[in-house]
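Peer 1: Now for the letters of each chain:
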Amino acid sequence: MAETPPPLRLKSQKFREARQGDWKALNAQLDRADRKGLNGFSVEEILNLPLLYRSAMSSLSMAQSISLDRNMVTYLQALCARAYVTVYGPQTRVKDILSGFFARDWPGGVRKLWREIALSVAIFIVGIIAGWMICAHDSSWYANFVGGMSEGRTPSASAEVLRKTLGHSEKDAMLSPFAVFLMTHNTRVAIMSFAFGILFGIPTFGLMLYEGLQMGAMLWLFSSKGLGVEFGAWLSIHGTTEMTAFIIASACGFHIARRLMFPGDLSRRTALAEAGKLTGTVMIGVALMLTIAGCLEGIGRQSITEPVFRFAIGGVMLTLWLLFFLFVGRTRKDPAKKMEPAHG
Amino acid sequence: MAKAGAMSGKKGRDLMADAPYGEYGRTASEILTPEGVVLPFINASFGERVGAVVIDLIIMAVAPILMLIAFFLLPIHDLFTDKHNRAALEILWISWLFFTFFIRSGYFMFFEMGRRAATPGKRLMRLRVIAHDGGRLTPSAVFTRNAMREIELFMPLGLLFTAGASGGIIGLLAFLWALALLLLPLFNRQHARLGDFLAGTRVVHMPKAQLSYDLADLDGDRNLGLTFTQEQLAYGEMELGVLEQVLRDRKASVMKAVADKIKARINWQAPKNPADVPPDEAFLRAYYGALRAYLEGRMLLGRRRKDKTFS
Chain A
1 MAETPPPLRL KSQKFREARQ GDWKALNAQL DRADRKGLNG FSVEEILNLP
51 LLYRSAMSSL SMAQSISLDR NMVTYLQALC ARAYVTVYGP QTRVKDILSG
101 FFARDWPGGV RKLWREIALS VAIFIVGIIA GWMICAHDSS WYANFVGGMS
151 EGRTPSASAE VLRKTLGHSE KDAMLSPFAV FLMTHNTRVA IMSFAFGILF
201 GIPTFGLMLY EGLQMGAMLW LFSSKGLGVE FGAWLSIHGT TEMTAFIIAS
251 ACGFHIARRL MFPGDLSRRT ALAEAGKLTG TVMIGVALML TIAGCLEGIG
301 RQSITEPVFR FAIGGVMLTL WLLFFLFVGR TRKDPAKKME PAHG
Chain B
1001 MAKAGAMSGK KGRDLMADAP YGEYGRTASE ILTPEGVVLP FINASFGERV
1051 GAVVIDLIIM AVAPILMLIA FFLLPIHDLF TDKHNRAALE ILWISWLFFT
1101 FFIRSGYFMF FEMGRRAATP GKRLMRLRVI AHDGGRLTPS AVFTRNAMRE
1151 IELFMPLGLL FTAGASGGII GLLAFLWALA LLLLPLFNRQ HARLGDFLAG
1201 TRVVHMPKAQ LSYDLADLDG DRNLGLTFTQ EQLAYGEMEL GVLEQVLRDR
1251 KASVMKAVAD KIKARINWQA PKNPADVPPD EAFLRAYYGA LRAYLEGRML
1301 LGRRRKDKTF S
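First to last, the protein sequences are chains A and B. The opening residue of the first sequence carries number 1 in this note's numbering; numbering runs sequentially from there. The opening residue of the second sequence carries number 1001 in this note's numbering; numbering runs sequentially from there.
Please keep in mind that the hints were generated in silico from the structure rather than gathered at the bench. Keep in mind the model is a prediction, meaning the values are calculated, not measured. Some hints here could point you the wrong way.
Taking beta-carbon pairs under 7 Å as the criterion, some of the chain B residues facing chain A (in silico) [claimed, not checked]:
| hint | residue |
| --- | --- |
| 1 | A1061 |
| 2 | I1091 |
| 3 | W1093 |
| 4 | F1101 |
| 5 | F1143 |
| 6 | E1150 |
| 7 | E1239 |
| 8 | V1242 |
| 9 | S1253 |
| 10 | A1264 |
| 11 | A1290 |
The C-beta atom is built at its ideal place from N, Cα and C for all residues, glycine as well.
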């Protein structure tokens, strides 16, 4: 009768003893991934990680229903949270991100914004016409519209001086830093006009209109001195890319404003999250376009001075952008729909 | 039957929601992972978020200053006084422009698109950005949440400085708008700011938890001879959690107070012989083990007891 009774164990204790080896292994792997990333992992270890993760997740859901050991449940929650952000972390393969972005998400996103793009283009054109007409009526408005960015392009300047500002002069140094400055400035303006969408799009509207007014005023100035074609050439080499980017950026802002004001069947929060996802993708593309525009401005403007070539480059860029946005990444389900243009 | 299961499931989540990860007074966002498990993440508190952003702003302010000091301390700027080094100067100037642009507009995006999904400030505060829908954190979400920072943080900060100077009704309105945007995270449970809502992201606190030893030792308790009747196990899961915390902290005064309280409530008869009276810790551990065994047994049958106020 001296035999000892079998050890008393709770189910939750047996559960813990059977599984804690896996938890500790996963914890060690996560510590390593935190410190050095996944690069040092062997193939087996990489393949093992999701298995350990899934086993920890199943341990957690089980522990929550059989165990009242708070320390263990807490530990499992923290472990699973860490494993989750490692397994579903921000890093996908760069190749996948790039191909998905260029071949599908970016042009597709732009096409979805066609209404807002039409609105932006309309505002821009109205701005150009208004800027031209206001300046033609009273040239003192020019300073208000163009202001600090004029670099000596004022109504009082002679045609010769104005011609010089279009890059017919000898190489003046420090132009490429200036191009970089403009690029960073433009990117910030684009981000602002996107972010301003959350204020019901009113500041976005103002920014777009202002861009148009500025453009109209400068067009008026140069054409009134007989330099319209040269100015157009000077502008188009990078301007077609830059203006397209601005128009898309403010379309993103308007999209947010629209979803904020008219969320439709969704809750406002869901609608905004959806809008943010779509426009975020498009805005990364806009930043890319502005970088390209900056390069064109820094290199192209300096070395290419013939108006014909400038027009050619600007035109080619515009055509490329339009083709890209209109046709890349379309699904071929509905061939009839493929033919009709997505832009307004 | 199904209804009872659902009820107990909901109750169980309530229990953990009271103190996610054992941290009282904090709320959790429940994220449904692709495996179908509900994983609670502790929401970052307003204080943590402010702390993180202040650290980041300090880094953003100090980094260019350090660069400038380095530039003026090092003898390189003598190189650029003569005209032959124009190209070098241009390159330097361009990299400076890119650097300031990165600091001003790319800092948050760069770090949050990285492996840890956190800026240095967030990392110090043990925070990280996650996608609210349980999926991956995409670059577009990071871009959106940080683009919104322009009008949520930088413009209001600028306005706070200028509005005071300009005064007037416009200044006051701008000031109020700026303040409202800055304080928005205070007015929702998850302390999310506008950019988080727009990008579908949340900022969460990632504690580092240690797996401690199991407190229940039924064999040891049996040898001590401490047993309790079912009527004496008159507490619920919440009290069990508190008791666990007390036993892990092992503060003598607290353990004595808790033991006295429990003894009074359950009407515990101490052994006549003073030598047989167990020390407070042994008593509490035995009570913990018995209560946990009893409550876990109920739990397996789907009859959970939330706290001592059961009927």
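Peer 1: Tell me, in ascending order, the numbers of any earlier hints that this structure violates.
Peer 2: 1, 2, 7, 8, 9, 10, 11
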